[in-house]
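Chemist: Now for the letters of each chain:
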Amino acid sequence: MSADVTLENIWIRFDDFTAVKNADITIKGGEFFSFLGPSGCGKTTLLRAISGFQELSEGKVYIGGKDMAGIGPNKRPTALIFQNLALFPLMTVWENITFSLEVKGVGKAKRLKRADELLELVALPGQADKMVNELSGGQRQRVAVARALAAEPEVLLLDEPLSALDLKLRQHLRTELREIQKRAGITFIYITHDQGEALTMSDRIAVMREGTIEQVGNGNMIYDHPETAFVASFVGENNAFHGTVSKISAGKTIVKTDAGELEATLTEGSRLSTGDKAIVFARPESMSFVNRKNSVKNVFKAKVVYQEFEGHFWHLILSGPNDKKLKMSVINSGSSHDYDEGTELQVNVNSKLAVALPSGPLAAE
Amino acid sequence: MNSASILKFFISFYIVLFFAYLFGPLIVMSITAFNSAGFPRLSPWDCFSTEWFGVLVNDARMMAGFKNSLIIGISVVLVSVPIGLAGALLLAQLSNRVRQVYYTLTISTILVPGVVLGISTLIFWDRMGMMFDVDYESFFYDGIFLTIIGQSTFISAYTMLVFMSRLQRFDPVLEEAAMDLGATNVQTFRKILLPFLKPAIGSAAVLAFLASFENYNTTVFTIVSESTLTTVLASKVRYGINPSISALAVIIITLTLCGAFVHEILKRREQAKELALKKEEKTVSVKSASRGLLSNPVPMMVLLIFVAGLTTAWMARGYDVQQCKIEVSEEKRKHQAELSKIRRVEMEKKLEAQKTDTASPSTVTTKKAAPGTNQYGNIFAPTNLEGQVESEETNPVTKKNTENQYQNIFAPTNLEGQIKSENE
Amino acid sequence: MILWFKKFFLRNGIVLSLYMLLMTFTWIVVMFVLPQVFMFDFSFRFNWTQIDPSKIGGPEDVYTLQHYKFLLFGSPNNPDPFNVVDVTVFGRTILAAVFVTLFDVILCYPVAYYLAQVAKGGITRLMMLSLIIPFWINELLRAFAFRILFGEEGTINNVLLYLGILDQPIDYVRENIALYAGLGYAYILLMIFPIYNAVESLDRNQIEAARDLGSPWWRIHWRVVIPFAKPGITSGCTMVFMLSAGALALPQIIGGPSSLWFTQIIYQWFNTGSNWPRGSAYAMSLLVICVIFVLLIMKVFKVKFGEIGR
Ligand SMILES: Nc1ncnc2c1ncn2[C@@H]1O[C@H](COP(=O)(O)OP(=O)(O)OP(=O)(O)O)[C@@H](O)[C@H]1O
Ligand SMILES: [Mg+2]
Numbered sequence: 018m019s020a021d022v023t024l025e026n027i028w029i030r031f032d033d034f035t036a037v038k039n040a041d042i043t044i045k046g047g048e049f050f051s052f053l054g055p056s057g058c059g060k061t062t063l064l065r066a067i068s069g070f071q072e073l074s075e076g077k078v079y080i081g082g083k084d085m086a087g088i089g090p091n092k093r094p095t096a097l098i099f100q101n102l103a104l105f106p107l108m109t110v111w112e113n114i115t116f117s118l119e120v121k122g123v124g125k126a127k128r129l130k131r132a133d134e135l136l137e138l139v140a141l142p143g144q145a146d147k148m149v150n151e152l153s154g155g156q157r158q159r160v161a162v163a164r165a166l167a168a169e170p171e172v173l174l175l176d177e178p179l180s181a182l183d184l185k186l187r188q189h190l191r192t193e194l195r196e197i198q199k200r201a202g203i204t205f206i207y208i209t210h211d212q213g214e215a216l217t218m219s220d221r222i223a224v225m226r227e228g229t230i231e232q233v234g235n236g237n238m239i240y241d242h243p244e245t246a247f248v249a250s251f252v253g254e255n256n257a258f259h260g261t262v263s264k265i266s267a268g269k270t271i272v273k274t275d276a277g278e279l280e281a282t283l284t285e286g287s288r289l290s291t292g293d294k295a296i297v298f299a300r301p302e303s304m305s306f307v308n309r310k311n312s313v314k315n316v317f318k319a320k321v322v323y324q325e326f327e328g329h330f331w332h333l334i335l336s337g338p339n340d341k342k343l344k345m346s347v348i349n350s351g352s353s354h355d356y357d358e359g360t361e362l363q364v365n366v367n368s369k370l371a372v373a374l375p376s377g378p379l380a381a382e
Numbered sequence: 133m134n135s136a137s138i139l140k141f142f143i144s145f146y147i148v149l150f151f152a153y154l155f156g157p158l159i160v161m162s163i164t165a166f167n168s169a170g171f172p173r174l175s176p177w178d179c180f181s182t183e184w185f186g187v188l189v190n191d192a193r194m195m196a197g198f199k200n201s202l203i204i205g206i207s208v209v210l211v212s213v214p215i216g217l218a219g220a221l222l223l224a225q226l227s228n229r230v231r232q233v234y235y236t237l238t239i240s241t242i243l244v245p246g247v248v249l250g251i252s253t254l255i256f257w258d259r260m261g262m263m264f265d266v267d268y269e270s271f272f273y274d275g276i277f278l279t280i281i282g283q284s285t286f287i288s289a290y291t292m293l294v295f296m297s298r299l300q301r302f303d304p305v306l307e308e309a310a311m312d313l314g315a316t317n318v319q320t321f322r323k324i325l326l327p328f329l330k331p332a333i334g335s336a337a338v339l340a341f342l343a344s345f346e347n348y349n350t351t352v353f354t355i356v357s358e359s360t361l362t363t364v365l366a367s368k369v370r371y372g373i374n375p376s377i378s379a380l381a382v383i384i385i386t387l388t389l390c391g392a393f394v395h396e397i398l399k400r401r402e403q404a405k406e407l408a409l410k411k412e413e414k415t416v417s418v419k420s421a422s423r424g425l426l427s428n429p430v431p432m433m434v435l436l437i438f439v440a441g442l443t444t445a446w447m448a449r450g451y452d453v454q455q456c457k458i459e460v461s462e463e464k465r466k467h468q469a470e471l472s473k474i475r476r477v478e479m480e481k482k483l484e485a486q487k488t489d490t491a492s493p494s495t496v497t498t499k500k501a502a503p504g505t506n507q508y509g510n511i512f513a514p515t516n517l518e519g520q521v522e523s524e525e526t527n528p529v530t531k532k533n534t535e536n537q538y539q540n541i542f543a544p545t546n547l548e549g550q551i552k553s554e555n556e
Numbered sequence: 004m005i006l007w008f009k010k011f012f013l014r015n016g017i018v019l020s021l022y023m024l025l026m027t028f029t030w031i032v033v034m035f036v037l038p039q040v041f042m043f044d045f046s047f048r049f050n051w052t053q054i055d056p057s058k059i060g061g062p063e064d065v066y067t068l069q070h071y072k073f074l075l076f077g078s079p080n081n082p083d084p085f086n087v088v089d090v091t092v093f094g095r096t097i098l099a100a101v102f103v104t105l106f107d108v109i110l111c112y113p114v115a116y117y118l119a120q121v122a123k124g125g126i127t128r129l130m131m132l133s134l135i136i137p138f139w140i141n142e143l144l145r146a147f148a149f150r151i152l153f154g155e156e157g158t159i160n161n162v163l164l165y166l167g168i169l170d171q172p173i174d175y176v177r178e179n180i181a182l183y184a185g186l187g188y189a190y191i192l193l194m195i196f197p198i199y200n201a202v203e204s205l206d207r208n209q210i211e212a213a214r215d216l217g218s219p220w221w222r223i224h225w226r227v228v229i230p231f232a233k234p235g236i237t238s239g240c241t242m243v244f245m246l247s248a249g250a251l252a253l254p255q256i257i258g259g260p261s262s263l264w265f266t267q268i269i270y271q272w273f274n275t276g277s278n279w280p281r282g283s284a285y286a287m288s289l290l291v292i293c294v295i296f297v298l299l300i301m302k303v304f305k306v307k308f309g310e311i312g313r
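Protein chains in written order, with this note's numbering: chain A, 18 to 382; chain B, 133 to 556; chain C, 4 to 313.
This is chain A alone, in the form it adopts within the complex (with noise of 0.2 Å):
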């Protein structure tokens, strides 16, 4: 069983300070959702409306269809994974992930042998009689994943529970969540600052900030068509051009900057115009070297600072017009190539990939 949750418009404030601004979006049921945004963007404060710890100052919520308002969060369809786990340090593993069925006064036998299957799902066998603080940072994870999905909800509410493990251990449950997410087949809703974990496991992401919701879409509209300067600089690299825009053509513009008249594409609908500041952001993987002076647009130079080699991909630092830090991937092709240190090079930003964006706030480093 799924549900689709809707937010309507919903403002949280404390006291003067406002945390969650007009979200309005509908997840569908069945779908891995993600938020995704900076540590204080009010992303847990968002998931605590849903799972109706936190009241809203304005808007609702609606749950499969239904208003939440009033509703306790002990009595909505929803389980929430929390930041920190919150798992029952005084109970063993089997009372923690049945306890659910505890205050529904289901009786021990029952418990005992749901307690078992869930433990089968998320892979860890025979280690009901543990206490909670016997098991490693992945095993914890996994019981609070069973303790949840116990409660038989409709809407799992996941605040970034990898956060706290190593890398290792995140990618291999990042798999294993959206796997477990599959065979129940309920709506995940997950909320990370870590955007590669966003892009591999979500259908859909949302990106925040500042308690705004800036775009809604899936992992490769959000890369590739970034909205808004801050979503655009936020996910992934991307090298940032300031500039004014000078002309505007179907679905194209080039935009004066420091690294001379840059050519990139427009977004649907946007509402670019001549003389308006704007940025054009390029990726790392969007420029490449030339050799010909003058012979293409977007063409600037720039001075290698420090080279990276990542197998497939040479991570390189620019120095461009203006002492402009850029930073640069180039394809591994094999032949060995040499970019040393202090070598001047032609950098040409590729149009197509390019995007221009209103001037607005970007992502801190």
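Treat the hints as calculated values from the structure; they're not laboratory data.
A few of these clues could be false.
[To be verified] Cut-off 27 Å, straight-line C-alpha distance, at most; resulting in silico cross-link-like pairs (DSSO-like, lysine-lysine): (1) C:Lys305 to B:Lys323; (2) B:Lys323 to A:Lys92; (3) B:Lys140 to A:Lys121.
[Unchecked claim] Partner residues are not named here, just some residues of chain B that face chain A (Cβ under 10 Å, in silico): (4) Glu307; (5) Glu308; (6) Gly314; (7) Thr320; (8) Lys330; (9) Gly334; (10) Glu484.
Just so you know, even glycine gets a beta-carbon here, dropped at the ideal spot from N, CA and C.
Fit chains B and C with the ligands to the given chain A structure using the hints.
Modeler: Relative to chain A, chains B and C with the ligands alone:
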């Protein structure tokens, strides 16, 4: 460096003195419980005896007071633990400004003199009784009820402080997790918060009981016509004292030590548990536990006390109180005779001195101390094994007789002390 | 306010909300505040002997200041300008309480500091426990112990006589030495723990830094440790002052015959004097003066009430 070590020496010296001040009075009092003399004192030492414990147990007023103290203590626990818990829980949910006022009010219950609390409770219920026109048999005028209420007023603040410090370490997210899993408020409270608070409930209960048990200032007003152990003690102590009170002190000190021991063990166990919760590696907790055992001085202390107790008991077996008393009185009589002899000699000397102009009163003081050392030898004098049983079986009449006899024998010196003490 | 209650009930559910509110209401209002109010009211009433019981609560049951007047000026035919006995006792009680408080600060500060900063691990625990144990023992028994020690035939006199330091026994009780020693003893714990808590949270590095800068040890205490521990010291002083001013058992048992404690006078009005309203007036006066005194001290040392008892 040198001055630092001198400083260190002084500090250690100071600490030793401080603890001597702390324990000296208790130790001295405990020892006097075993002196057969009719007045609690260390010296002169008469005989080692446990008779004062018997006197204590046979004291009907003391026992009645003790019973009331127990009833009140338990009731105070039952009242003040739930109140303190509610108080601490509420405090955590108040907004900052209200919390200040609330906290001030609750702490005031501790700071307001106990006398004032007692009086106000007494008056309040008296007036209420008048308002509702209840008769004097009702609980509005019942000393035990009033005392329970009066004591709980400030003891609840104690328990609240205990709960507050425990709640500070509670992760409220656990409550949310339980609610999220479908638990009701009450279920969350019962299954998550209460188990977490269990050790604090224990400590709060012990604290409340002890505070109630030893309270005097409030009780003396609220108890009206009843009595508790402390009020009985107070009236006893004010009108002449005897070592049966020391015997009571010995019992309470022993119980306290045992209590401290149990408390310490429980606390350690809980700490180890919490440590284990924090650290994932089991080795850490195991290591610290073994270290804890080695460096734990409390069990050693209790063991020492236990051994000391056994030794005394063993020595007491081979020792007859009655015999000792007779010996002591014998000794005293001799001493008396000696003293009068000395006096006589002195008089003669004085007479002589009047002639020769030389006097030496210092000899008297040195002689006076001498019998004390002799008596010590007598305490451990080996005698028959049946002594203990016999002394317990001696009927009260003969006992009284011996006591009288005993007082008569060294009337001149001892009576003086007795009178003085009663005048105080 | 109503909003707060709504939120509160929503958050805790009806059962728990009612439990919390009713319990604390009973405690704070019914058990604590109302009785104080009633006592205050009662202190302005006539005594039973002065009014016909049937008229209590009637129009003739008016308020009177006579009990407070009595405390200040004594009975109408008192030749002195004020009530010499009671006012002196009052003043002496406050002074003595101040003295006991100072004695305890000086006595306890080094120990608290030692426990918090110098002693290590097991020793600290043992010392803490040994600090607490004496205070689990009945206050009256402690008073009794001091009586054994300080009696004219008491242990101290005997020891001093034996050592030849004294040639006459001293009457410690008459000299009030026993009382001060006993009161100081009784509240050691209340002084040590707040100071200990404050000093313990002081970062050792601050002390080291001061030592590095060449401060002598007394200056380190004066400039670094004591200012830091000020809330703890004030908190301890407040408690010791209030409790010693309000002590009853110790003055009754080891107080000298010449020096009454003010609480003893209150006790007499309730017991032998059988004048409850007057006793209430006296108790009220004691409470008010003590509170004013404490608030003054807090103002002087700039410590907030909220810091007490933690
Ligand atoms: N109860 C509260 N009272 C006041 N401000 C709050 C409260 N809860 C959260 N905030 C504020 O709201 C903002 C958003 O907090 P939130 O916990 O939602 O961040 P987050 O996006 O989950 O961050 P993180 O990734 O660090 O967990 C923060 O600035 C926080 O300070
Ligand atoms: Mg968060």
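Chemist: So, for every hint listed, does it hold in this structure?
Modeler: Hint by hint, here is what the structure shows:
With a CA separation close to 43 Å, the supplied pair Lys305 of chain C and Lys323 of chain B exceeds the 27 Å bound. For the proposed pair Lys323 of chain B and Lys92 of chain A, the alpha carbon gap of about 18 Å is at most 27 Å, so the pair holds. Distance check on the hinted pair: Lys140 of chain B and Lys121 of chain A sit about 64 Å apart at the alpha-carbon level, beyond 27 Å; violated. Given the 10 Å rule on beta carbons, the hint for Glu307 of chain B holds: about 9 Å separates it from the nearest Cβ of chain A.
Hint status for Glu308 of chain B relative to chain A: holds, with the closest Cβ pair at about 6 Å, below 10 Å. A least Cβ separation of about 5 Å between Gly314 of chain B and chain A falls short of the 10 Å threshold, and the interface hint therefore holds. Because the closest C-beta pair between Thr320 of chain B and chain A is about 8 Å apart, less than 10 Å, the hint holds. Given the 10 Å rule on beta carbons, the hint for Lys330 of chain B holds: about 9 Å separates it from the nearest Cβ of chain A.
Because the closest C-beta pair between Gly334 of chain B and chain A is about 15 Å apart, greater than 10 Å, the hint is violated. The beta carbon of Glu484 of chain B comes no nearer than 88 Å to any beta carbon in chain A, farther than 10 Å, and the hint placing it at the interface is violated.
When held up to the earlier numbered hints, the structure conflicts with 1, 3, 9, 10 and fits the remainder.
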